[in-house]
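Asks: Below are the chains, spelled out letter by letter.
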Amino acid sequence: MPLLKFKKYSEEESRRLSVSIIVTRNCNLNCSYCYEKKSERNNGQINFNVVQDTITYYMERDDGNEKISIEFFGGEPLLAFPLIKEIVEWFYSRTWEKKAFLGIQTNGTLLTKEMKEWLAKYSKIMTVGFSIDGCKEAHDLNRNNSYDLVYPNIPFFRKYWPHQPAKITINDKTIHYIAKSVIHLENLKLNFNGGLVLEDIWGYGERKKKLLEIYEEQLALLLNFYEKRPQLYPPSPLFAQLPEYLGRPVSEIEQLKKESVRFCGAGHEMVTIDVDGTRYPCHRFLPLCTGRSLPDSPVNRQTGWKPGKCSGCKLIASCPTCAGFNYQVNGDTAIRTTYHCEAFKLGVMASCKLEALRLNQLSESEFANFSEEEKNNRRRRLDAVIDIIENGI
Amino acid sequence: MKKIIFDDELRNSLKNLREKLGPVMTDESKSQIAGGACGGLCKITCSYHCRADILSSEITSVEPN
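Residue numbers (numbering that gives the first Met the number 0), protein chains in the order written: chain A, 0 to 392; chain B, 0 to 64.
Any given hint could be a false lead.
Stated by the list, open to error - Among the chain A residues that face chain B by a calculated CB cut under 10 Å, a handful are:
id, residue
1, Glu-212
2, Glu-215
3, Leu-345
4, Ala-355
5, Leu-356
6, Leu-358
7, Arg-377
8, Leu-381
9, Asp-382
Stated by the list, open to error - Derived BS3-like pairs: lysine-lysine, alpha-carbon spacing no greater than 25 Å straight-line:
id, chain 1, residue 1, chain 2, residue 2
10, B, Lys-1, A, Lys-227
11, A, Lys-344, B, Lys-1
12, A, Lys-207, B, Lys-2
13, A, Lys-179, B, Lys-1
14, A, Lys-344, A, Lys-208
15, A, Lys-115, A, Lys-84
16, A, Lys-344, A, Lys-172
17, A, Lys-208, A, Lys-179
18, B, Lys-1, A, Lys-209
19, A, Lys-120, A, Lys-97
20, A, Lys-208, B, Lys-2
21, A, Lys-123, A, Lys-84
22, A, Lys-374, B, Lys-14
23, A, Lys-344, B, Lys-14
24, B, Lys-1, A, Lys-172
25, A, Lys-158, A, Lys-188
26, A, Lys-209, B, Lys-2
27, A, Lys-112, A, Lys-188
28, B, Lys-2, A, Lys-344
29, A, Lys-123, A, Lys-112
30, A, Lys-227, B, Lys-14
31, A, Lys-172, B, Lys-2
32, A, Lys-374, B, Lys-19
33, A, Lys-135, A, Lys-188
34, A, Lys-123, A, Lys-158
35, B, Lys-1, A, Lys-208
36, A, Lys-120, A, Lys-66
Unchecked claim - Computed from the model, here is a short list of chain B residues facing chain A with C-beta under 7 Å:
id, residue
37, Lys-1
38, Ile-3
39, Phe-5
40, Arg-10
Simulated from the structure, these hints should not be mistaken for lab results.
Since this is a predicted model, take the numbers as computed values, not measurements.
Cβ coordinates follow ideal geometry from the N, Cα and C atoms, glycine included.
Please work from the sequences and hints to get the whole structure.
Replies: Structure (structure tokens):
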């Protein structure tokens, strides 16, 4: 019986430098949850020479990174398709010592026959990811009624980049469509990932209570779906990662939390180049997103755990946080936003329940045939589940 | 309304199972925390981890020319 599976990132992978290039700020959509400010959008596209200089700098710099991923971002990057084409063809026309991987993150609405032919030609050396928010009703609510533009392109994405997860984003408008959306994407046989936005979609009082009830109900519906389909893995972080240290003594957890890595690579293994060539720690730090200039203090050095309620939480090491959004809201990358706190805990409970149901089907004879590593994995997961059931979060 | 509930039968069954499986033999917990802390949510807000799956599984064998 397969357990919940979440991608683990090795030290080697985390040493890869990620360079995001905002090829254009323009976008043909106006998604309701987009963190880019509309008023900043129409500032043209990046200059080809700026991209050349940027890529050459990072490809030739002696910085210990043997691998670099270069991502074309927006806005909607395919609005600058001729430029992307020119960049990619230049890039692969010469030899580099470092290994590089290219990618495009698109809303999937603008693909033409010409684009598809060109992207297919480069599909082994460049990935293309797209966004779809689940069922048509949910997608259209937040993404400008664009489902019918994306849907015909799904076979193309699935054929050439079957491992690249599509992005599903959920907010308060679509929370009651979660189960329908996730099941829809499963039925489309898409690899997908994503979840609730970090922004304050919850409000307070009765509104918050009602939204959380809806969220829990949707998770319960999905529990039912995934329980009956053990070959499928539910998307994270909708089903939040269940930290396997939960069964450990508190003193050990405290030590492990101190040793845990930064949450993301912003300002370290990541850099984003805006259309004017300015460098930022990541996309989320662009003034286009934060409405602020860059922070004076070192970015994304999460040496402490703030606010106070987070420092006492046993989920601190696995709870999502965004340095850029923290900076936007709190003026400090290390002070976490906590709007998603209760919802994340519900996600952990759902994950815990599904894990419990799957573990509970484990027979002694099946266990006996596991390797020592697999045995320990099951023991530790079971410890984590029992810890949550008995002690709560 | 559907809720996420752990009934007594499931609780007891899990505890019994845990007893049968014996103690954890080695300490793997550090690597469990260090990896995958994002849980995927960053896929909404940034592309840092977004490419990791594809990079590690599909393209690493292909050298740019």
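Asks: Decide, hint by hint, whether the structure agrees.
Replies: How the hints compare with the structure:
{"no.": "1", "hint": "Glu-212", "in the structure": "6 Å, holds"}
{"no.": "2", "hint": "Glu-215", "in the structure": "6 Å, holds"}
{"no.": "3", "hint": "Leu-345", "in the structure": "7 Å, holds"}
{"no.": "4", "hint": "Ala-355", "in the structure": "6 Å, holds"}
{"no.": "5", "hint": "Leu-356", "in the structure": "7 Å, holds"}
{"no.": "6", "hint": "Leu-358", "in the structure": "7 Å, holds"}
{"no.": "7", "hint": "Arg-377", "in the structure": "6 Å, holds"}
{"no.": "8", "hint": "Leu-381", "in the structure": "5 Å, holds"}
{"no.": "9", "hint": "Asp-382", "in the structure": "7 Å, holds"}
{"no.": "10", "hint": "B:Lys-1 <-> A:Lys-227", "in the structure": "17 Å, holds"}
{"no.": "11", "hint": "A:Lys-344 <-> B:Lys-1", "in the structure": "17 Å, holds"}
{"no.": "12", "hint": "A:Lys-207 <-> B:Lys-2", "in the structure": "16 Å, holds"}
{"no.": "13", "hint": "A:Lys-179 <-> B:Lys-1", "in the structure": "15 Å, holds"}
{"no.": "14", "hint": "A:Lys-344 <-> A:Lys-208", "in the structure": "14 Å, holds"}
{"no.": "15", "hint": "A:Lys-115 <-> A:Lys-84", "in the structure": "12 Å, holds"}
{"no.": "16", "hint": "A:Lys-344 <-> A:Lys-172", "in the structure": "20 Å, holds"}
{"no.": "17", "hint": "A:Lys-208 <-> A:Lys-179", "in the structure": "21 Å, holds"}
{"no.": "18", "hint": "B:Lys-1 <-> A:Lys-209", "in the structure": "13 Å, holds"}
{"no.": "19", "hint": "A:Lys-120 <-> A:Lys-97", "in the structure": "22 Å, holds"}
{"no.": "20", "hint": "A:Lys-208 <-> B:Lys-2", "in the structure": "14 Å, holds"}
{"no.": "21", "hint": "A:Lys-123 <-> A:Lys-84", "in the structure": "15 Å, holds"}
{"no.": "22", "hint": "A:Lys-374 <-> B:Lys-14", "in the structure": "16 Å, holds"}
{"no.": "23", "hint": "A:Lys-344 <-> B:Lys-14", "in the structure": "22 Å, holds"}
{"no.": "24", "hint": "B:Lys-1 <-> A:Lys-172", "in the structure": "20 Å, holds"}
{"no.": "25", "hint": "A:Lys-158 <-> A:Lys-188", "in the structure": "11 Å, holds"}
{"no.": "26", "hint": "A:Lys-209 <-> B:Lys-2", "in the structure": "13 Å, holds"}
{"no.": "27", "hint": "A:Lys-112 <-> A:Lys-188", "in the structure": "23 Å, holds"}
{"no.": "28", "hint": "B:Lys-2 <-> A:Lys-344", "in the structure": "14 Å, holds"}
{"no.": "29", "hint": "A:Lys-123 <-> A:Lys-112", "in the structure": "19 Å, holds"}
{"no.": "30", "hint": "A:Lys-227 <-> B:Lys-14", "in the structure": "23 Å, holds"}
{"no.": "31", "hint": "A:Lys-172 <-> B:Lys-2", "in the structure": "21 Å, holds"}
{"no.": "32", "hint": "A:Lys-374 <-> B:Lys-19", "in the structure": "12 Å, holds"}
{"no.": "33", "hint": "A:Lys-135 <-> A:Lys-188", "in the structure": "16 Å, holds"}
{"no.": "34", "hint": "A:Lys-123 <-> A:Lys-158", "in the structure": "12 Å, holds"}
{"no.": "35", "hint": "B:Lys-1 <-> A:Lys-208", "in the structure": "15 Å, holds"}
{"no.": "36", "hint": "A:Lys-120 <-> A:Lys-66", "in the structure": "22 Å, holds"}
{"no.": "37", "hint": "Lys-1", "in the structure": "4 Å, holds"}
{"no.": "38", "hint": "Ile-3", "in the structure": "5 Å, holds"}
{"no.": "39", "hint": "Phe-5", "in the structure": "5 Å, holds"}
{"no.": "40", "hint": "Arg-10", "in the structure": "6 Å, holds"}
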